[in-house]
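**Q** Residue numbers for the sequence shown follow the working numbering, so the first one is 1 and each next one is one higher.
The calculated DSS-like cross-link candidates involving lysine-lysine, where the alpha carbons are at most 27 Å apart (straight line), are:
hint : residue 1 : residue 2
1    : K204      : K181
2    : K196      : K52
3    : K373      : K356
4    : K129      : K180
5    : K129      : K38
6    : K181      : K196
7    : K170      : K134
8    : K52       : K38
9    : K373      : K395
10   : K228      : K170
11   : K317      : K4
12   : K255      : K317
13   : K196      : K395
14   : K170      : K209
Restraint ranges, calculated between C-beta atoms of paired labels, are given here:
hint : residue 1 : residue 2 : range
15   : P128      : G72       : 38 to 46 Å
16   : N148      : Q207      : 19 to 27 Å
17   : L22       : A300      : 14 to 22 Å
18   : K317      : D74       : 21 to 29 Å
19   : Q446      : Q207      : 31 to 39 Å
20   : L42       : K181      : 20 to 28 Å
21   : K52       : T121      : 32 to 40 Å
22   : I213      : E88       : 44 to 52 Å
23   : A345      : N370      : 31 to 39 Å
24   : D250      : E88       : 14 to 22 Å
25   : L22       : F333      : 36 to 44 Å
Quick caveat, the hints were computed from the structure, so don't treat them as lab data.
Everything numeric in this text was worked out from a predicted model, so none of it was measured.
We put the CB at the ideal spot given by N, CA and C, even for glycine.
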Amino acid sequence: MTEKIIVVGCTHAGIAAVNEILKYHPQADVTVFERHDKISYLSCATYLTLGKTISNLDEAMYADPDYYRAQGIDMRLRHDVIDINVEEHTVFAQDLETKEFTTESFDKLIMATGSLTSIPTIQGVENPKVKLCKTYEEARDLCDEAQNDERIAIIGGGYIGVELAEGYNKSNHEVILFHKKETLLDRHIEPEIADKITNLLEDKGIQVKTGTIVKSFEDGANDTLIVKTVDEAFEVDMAVICTGLLHQADLLQGKVDQLTNGAIVVNDYMETSNPDIFAAGDAASVKHNGLQTDVYMPLASQAVRQGALAGINVLDKRLRSIGTQSTTGMLIFGRTLACSGVTLAMALDAGINATKVAYKGSYRPDFMPNAHKVEIELVYDRNSRKVLGVQLWSKHDVSQAADTISALMDYHGTIDELSFIDMLFSPNFDQPFNYLNLVGQLAVKQENGYLRT
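Turn these sequences into a full structure, and let the hints guide you.
**A** Spelled out as structure tokens, the structure:
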């Protein structure tokens, strides 16, 4: 008997799920519902296009609906799923072109509906000069408007906001970046590194307003927009909201287990509390290994992994998720930021007896040209000595070092093990002791030496 699988949402998670279904369950009857007419848009293309790293948004699309149709997948773009009946195993949807309704049955369903921009409750946020930055259509609007607008306000200093600030700056716009917390990227990095990013942005001419809450947007003279905070008012041509993401899980509200914020809880196989319904990506929770709990941390990398797991396991539970360290990175004005695990504040909030150590040194011998400095913040558990988090900052590409620490944390590695873990040496690449070894050794010194083994 051919089993019917419905995928709701052709997001990164949805595409990854379909790819694995084609590999491992080619006999399945698969239908994909997606409300948009384009799929696989990588939202990072917005700042890359503005900064002229790539020439247009379409370069960041990696999947073609016609390819999947040729593989036998029923791709229903411009179809909006209105209801999922978990008892009857049916999906009720509308064709947004013809306005016709349809009901489809399923044996298994994968919820991959993704997320939307979390819109803050700011007076005047509905002003047409206040834009969003998530979908292809929103990105197209931003790029089109950039040709006419000169002064840009960005609300939110996370990854999206900081990268967008760079993109607009490189296209010769005046940029003001507002962030309500005291430091940028506060969910990912220590204040010491955040200060370096702030200084870098300001050196490039970007105004950075941390610890600042935007109160309202108002129409200004000459077709401008006034951004008001508690103490100041700023005249700009356009504002962009980059204040985080909100899951799209409403279709299953009250029908499966959810976190307090509404994200769908999944097990290691991406199953929900209903074994016939799977969830993946920005609509779902993820097990955070450092915090040892289910959390909501939407990331494209996690969406792809979870989607792939859902596709592999949907008809036959084969492969467990190993959780996440929420590893992230960014290239900003020629500097690399790479992070994995938790910050010290996150660890302390979780009740862990944690501390951190800072390292700064050349990534390779100083007799080599361009021996750029690497700055590292390492967070660890003082009781177990396990590494909990790392952040690296350098002109050198240190992105893979965060991946190395992520793998170490996957296997509960300690500061003692990090100090002497095997790494290559060549003066082209690093020191006899790699900078990751050296930050581990600093942590051991801070704890008064190695444990006896």
